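In order, the protein sequence lines correspond to chains A and B. Start counting the first sequence at 81; every next residue gets the next number (the working numbering). Start counting the second sequence at 14; every next residue gets the next number (the working numbering).
By construction, these hints were calculated from the structure, which means they are not laboratory data. What you are looking at is a predicted structure, and each value in this text was computed from that prediction instead of being measured. We treat Cβ as the ideally placed atom computed from N, Cα and C, and that holds for glycine. Be careful, since some hints might not be right.
Stretch by stretch, here's where chain A covers chain B in the computed footprint (C-beta under 8 Å, at least three residues) [what the hints assert, rightly or not]:
(1) 669-675
(2) 739-751
(3) 759-766
(4) 773-781
Here are the computed lysine to aspartate or glutamate pairs in the EDC-like style, where the Cα-Cα straight-line distance is at most 16 Å [as the list claims (entries may be wrong)]:
(5) B:K783 x A:D179
(6) B:K456 x B:D367
(7) B:K463 x B:E362
(8) B:K37 x B:E117
(9) B:K744 x A:D179
(10) B:K783 x A:D86
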Amino acid sequence: MKGTNDLILKTTTTIIVFIILGFSIYLFFAGHNAPGGGFIGGLMTAGALVLLYISYGFKTMKRVIRIDFKNFIPIGLLIAVLTGIGSFVFGQPFLSHTDAYFELPILGHSHLATAMLFDLGVYFTVVGVTMTIILSIAADEGEEELSKVSES
Amino acid sequence: MLHAAVLLPFLAAFFIPLLYRGVKQVHLGWFVLLVPIVLFGYFLTFIKEVTQGVHTLKTFEWIPSLGVNVTFYIDGLGLFFALLITGIGSLVVLYSIYYLSKAEKLGHFYVYLLLFMGAMLGVVLSDNLFVLYTFWELTSISSFLLIGYWYQREKSTSGALKSMMITVFGGLAMLGGFLLMADITGTASIRGIIENGEMIVTSSLFPFILVLVLLGAFTKSAQFPFHTWLPDAMEAPTPVSAFLHSATMVKAGIYLVARLSLIFAGTDLFFLIVSGFGLLTLCWGSYMAVRQTDLKAILAYSTISQLGMIMAMLGFGTEVAILAAVFHILNHATFKGSLFMVAGIIDHETGTRDIRRLGGLFTFMPITATLAFFGTFSMAGFPLPFLNGFLSKEMFFESSLHFENASTIVEAVSPYFPYLAVGGSIFTFVYSIMLFFRTFTGKQRDKLPKEPHEAPIGMLISPIILVLLVIVIAFVPNVFGHSLLSPMVDSIAGSAGETHIKFWHGLGPALYMSLAVLLLGTAFYLTRTKWERIYTILPGKLSAAKAYDGIITGIINGSKKLTNGYMTGSLRHYMIYILIFFIALVSITISVTGGFKMSFDDLAPIAIPELLIAIVMAGAAFGTIFMKNRIAAILVLGIVGYGLSLLFVFFRAPDLALTQLIVETVTVALFLLCFYHLPNFDKQKESKRTNAVNWVISISVGVLVTMIGIASHSTKLFEPISEYFLKNSYKLGGGDNVVNVILVDFRGLDTMLEILVLGLAALGIFTMIKLRPSKKEGND
Numbered sequence: 081m082k083g084t085n086d087l088i089l090k091t092t093t094t095i096i097v098f099i100i101l102g103f104s105i106y107l108f109f110a111g112h113n114a115p116g117g118g119f120i121g122g123l124m125t126a127g128a129l130v131l132l133y134i135s136y137g138f139k140t141m142k143r144v145i146r147i148d149f150k151n152f153i154p155i156g157l158l159i160a161v162l163t164g165i166g167s168f169v170f171g172q173p174f175l176s177h178t179d180a181y182f183e184l185p186i187l188g189h190s191h192l193a194t195a196m197l198f199d200l201g202v203y204f205t206v207v208g209v210t211m212t213i214i215l216s217i218a219a220d221e222g223e224e225e226l227s228k229v230s231e232s
Numbered sequence: 014m015l016h017a018a019v020l021l022p023f024l025a026a027f028f029i030p031l032l033y034r035g036v037k038q039v040h041l042g043w044f045v046l047l048v049p050i051v052l053f054g055y056f057l058t059f060i061k062e063v064t065q066g067v068h069t070l071k072t073f074e075w076i077p078s079l080g081v082n083v084t085f086y087i088d089g090l091g092l093f094f095a096l097l098i099t100g101i102g103s104l105v106v107l108y109s110i111y112y113l114s115k116a117e118k119l120g121h122f123y124v125y126l127l128l129f130m131g132a133m134l135g136v137v138l139s140d141n142l143f144v145l146y147t148f149w150e151l152t153s154i155s156s157f158l159l160i161g162y163w164y165q166r167e168k169s170t171s172g173a174l175k176s177m178m179i180t181v182f183g184g185l186a187m188l189g190g191f192l193l194m195a196d197i198t199g200t201a202s203i204r205g206i207i208e209n210g211e212m213i214v215t216s217s218l219f220p221f222i223l224v225l226v227l228l229g230a231f232t233k234s235a236q237f238p239f240h241t242w243l244p245d246a247m248e249a250p251t252p253v254s255a256f257l258h259s260a261t262m263v264k265a266g267i268y269l270v271a272r273l274s275l276i277f278a279g280t281d282l283f284f285l286i287v288s289g290f291g292l293l294t295l296c297w298g299s300y301m302a303v304r305q306t307d308l309k310a311i312l313a314y315s316t317i318s319q320l321g322m323i324m325a326m327l328g329f330g331t332e333v334a335i336l337a338a339v340f341h342i343l344n345h346a347t348f349k350g351s352l353f354m355v356a357g358i359i360d361h362e363t364g365t366r367d368i369r370r371l372g373g374l375f376t377f378m379p380i381t382a383t384l385a386f387f388g389t390f391s392m393a394g395f396p397l398p399f400l401n402g403f404l405s406k407e408m409f410f411e412s413s414l415h416f417e418n419a420s421t422i423v424e425a426v427s428p429y430f431p432y433l434a435v436g437g438s439i440f441t442f443v444y445s446i447m448l449f450f451r452t453f454t455g456k457q458r459d460k461l462p463k464e465p466h467e468a469p470i471g472m473l474i475s476p477i478i479l480v481l482l483v484i485v486i487a488f489v490p491n492v493f494g495h496s497l498l499s500p501m502v503d504s505i506a507g508s509a510g511e512t513h514i515k516f517w518h519g520l521g522p523a524l525y526m527s528l529a530v531l532l533l534g535t536a537f538y539l540t541r542t543k544w545e546r547i548y549t550i551l552p553g554k555l556s557a558a559k560a561y562d563g564i565i566t567g568i569i570n571g572s573k574k575l576t577n578g579y580m581t582g583s584l585r586h587y588m589i590y591i592l593i594f595f596i597a598l599v600s601i602t603i604s605v606t607g608g609f610k611m612s613f614d615d616l617a618p619i620a621i622p623e624l625l626i627a628i629v630m631a632g633a634a635f636g637t638i639f640m641k642n643r644i645a646a647i648l649v650l651g652i653v654g655y656g657l658s659l660l661f662v663f664f665r666a667p668d669l670a671l672t673q674l675i676v677e678t679v680t681v682a683l684f685l686l687c688f689y690h691l692p693n694f695d696k697q698k699e700s701k702r703t704n705a706v707n708w709v710i711s712i713s714v715g716v717l718v719t720m721i722g723i724a725s726h727s728t729k730l731f732e733p734i735s736e737y738f739l740k741n742s743y744k745l746g747g748g749d750n751v752v753n754v755i756l757v758d759f760r761g762l763d764t765m766l767e768i769l770v771l772g773l774a775a776l777g778i779f780t781m782i783k784l785r786p787s788k789k790e791g792n793d
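Just chain A, with the same shape it has in the complex:
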């Protein structure tokens, strides 16, 4: 998109990205009782981020988001494994889940399950994986384009 005036794209992106991110978080939280879950939520989040990269370009995005998405992968895996190990503390077999109702300050009467923590691990891993793949391929592309330009 370099070189073209993509004002419309940038403007719509700023709005749409938040809608997508919100939807992805909804998918993530809804997963236990409705269609959705960590996997789809993660992919959706990654989709929103990719849209940002497409509209604003690498250089800008590098300044704005200073997160290395590769780190998401070990973080996600660690969350999932620790959730599993957590059940050992209560003398349960690996990856035993439990759930309970809590009175939370803002949300009120809520149903919380440890399965969600596991799903959080999935979510992080998927975001990390998708972004790593797309960004590393894209970065490679960009470099090649640059080198072609400089050669000619």
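For chain A, the structure is supplied; the task is to place chain B on it using the hints.
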């Protein structure tokens, strides 16, 4: 004590390298010499016991649970061989001290030699079949190392390899025979097996066992047609040839046949194979020996023929024949050992072993010539009373005339044996005489590499002792006969019987046969140039060596061809193999088990949207096959993916539909990314045959998979467990989305490993892209 005796050479072999490094002034052989001399003395002490019929048995438990114990057993046969090994071993070590200079790698040489000596002692003293086999292979290995001692020479290494291949081939066959024998009798002890010999001879596997065991014995003892490794093994240093390839290792096969003959002897098969091949080897070996020009090659073929003679006598199986056989083992060890040493001296002092270049050495080397005279004439069986070879050859002729085993087959073939024996002996006579006269008499033909002169006295001691033995044995054969040979005949035949060596003054057919050999042999020797051209006809282009080369190269080329034939490197071909195997396996299984069933009981009604989607997907899938453009093919393939996600919607799988939608998008994007960089389809011109094969395979795979799908839908063996998940999803997992509860709760482990897979894939892609060598750095 007995175990320590057998272990001693191995122990000494451990310390040789230390001595080799530590002591530089003294020749290493002097230290080694102690070992065989001590052992020889030790084994001499058994003679008295053994002649009285007392046998020593010592057991050391090795693997008692398998019945494999290191049991050493000293009877007449074992003791004789042990004395032979240590006695000749001492002389050979002494000889090698003068033969090998200190510049050679003496440490290696003596380690191998001691290993061999220990292994050989183990072979002849073991009472356990598997321990015997262990030592047997150890002799093969140490012999391999000794033949390849000068490993810089190509001939040495190829000779070593050849002997290894042939003897190990036989050794493995023998192991098979041993296993069968141990299985049938239920014991691995040789004495135990001999006691139960009946069980083996009457078993239906008997011919098989016999052939396997004899394969081992024949390969080791260089019997026809496995004799081909022995002439090539002459690349070894001469002390090795004298020790291994005349006196000890090649007699291991003889030992084995003798040891087991209490079981096998008396059966027609044993008689036919052993005496038949023995006589064949005798004739062929002596016939071929006349043709050789290299001293050691003559001696090698001569050894082959003498071994054939001993083997034949063991096959005859009469007490006279066995006495003759063991007597000839002793005689052969003495005169052949001395002859090899003489050949080594000639090689050492003149620089060549080619008899076409030698001649007239008598004046230069009178002692060596005298020694050679006794050796060669004894080998020829020349009728002189002071040559032991004559005595045993007489007994050989005598034994070939009378057979006790009077079955029809034996009666049918045995009349021909004396002729074969005489025929073989004529050529033996010719090459023995040739060996002596062409080397030591006449004129010097050629300028020799070294100025010939007499050998140092140290080198002469060993052959002198052996030649003295030749003469002593000839004069007082019965001293040896009673102390050594009669217990040996006792071990082989089961009863001592007639052990008096007396045939040396009988005026019988045997003497006439000897005279015939003498006359005809002389005639043949004098007219040698006239009939020498026969060699271009009879062995002509046929030879065991060529057969061996042909087999080896044939195996190598054949396996190369086979491997190159199917390992084409083309992925398409490998894919075809995999699919063909899949097709064959599945279709055979289906047709054999009758696994294909089709039931229409629980089919759901097909709605029109589903049908439409299916038609579109099928069309798209079919279309991709004919697409000429990659990008178009990918896009059309995308239709299949999105159609699938639509189907998920219709089949009420929202999670799957969502995931499929996104994943399909991502994969199509990635495909586009990759294929954007590829060149356009080169319209590959496939031949019609290739295309037809592809079509047939893909259609059959498709049909088969469809059939499996239908069949597995039609046969429901168990209730599905989905009911349980549907019921307990909320109760146990705390969620209404059953799919998600299964993914994170019921089957959380799968999900955990799947995200691990994703993580690895991402890191893999990252490293592939980032860590590849950059173009600027080049390919290094």
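Structure-based check of each hint:
Coverage of a stretch by a chain is defined here by at least three residues with a beta carbon nearer than 8 Å to that chain's beta carbons; for the region 669-675 of chain B and chain A the count is 3, and the condition holds. Counting residues of the region 739-751 of chain B whose CB lies closer than 8 Å to any CB of chain A gives 5, which reaches the minimum of 3, so the coverage claim holds. Here's how the region 759-766 of chain B fares: 4 of its residues keep a CB closer than 8 Å to some CB of chain A, so the rule of at least three is met and the hint holds. As drawn, the region 773-781 of chain B meets chain A at 5 residues by the rule of a beta-carbon pair under 8 Å; at three or more, the given contact holds.
A C-alpha spacing of about 43 Å is found between B:K783 and A:D179, which places the hinted pair above 16 Å, so the restraint is violated. Between B:K456 and B:D367 the alpha-carbon distance is near 15 Å, which keeps this suggested pair within the 16 Å criterion. Taking the CA atoms of B:K463 and B:E362, the gap is about 7 Å. The hint holds against a cut of 16 Å. Restraint check for B:K37 and B:E117: the C-alpha separation of about 12 Å stays at or below 16 Å, so the hint holds.
With a C-alpha separation of about 10 Å, the suggested pair B:K744 and A:D179 falls inside the 16 Å cut-off, and the hint holds. This hinted pair does not check out: B:K783 and A:D86 have alpha carbons roughly 30 Å apart, beyond 16 Å.
Violation of the numbered hints given earlier is confined to hints 5, 10; the remaining hints are satisfied by the structure.
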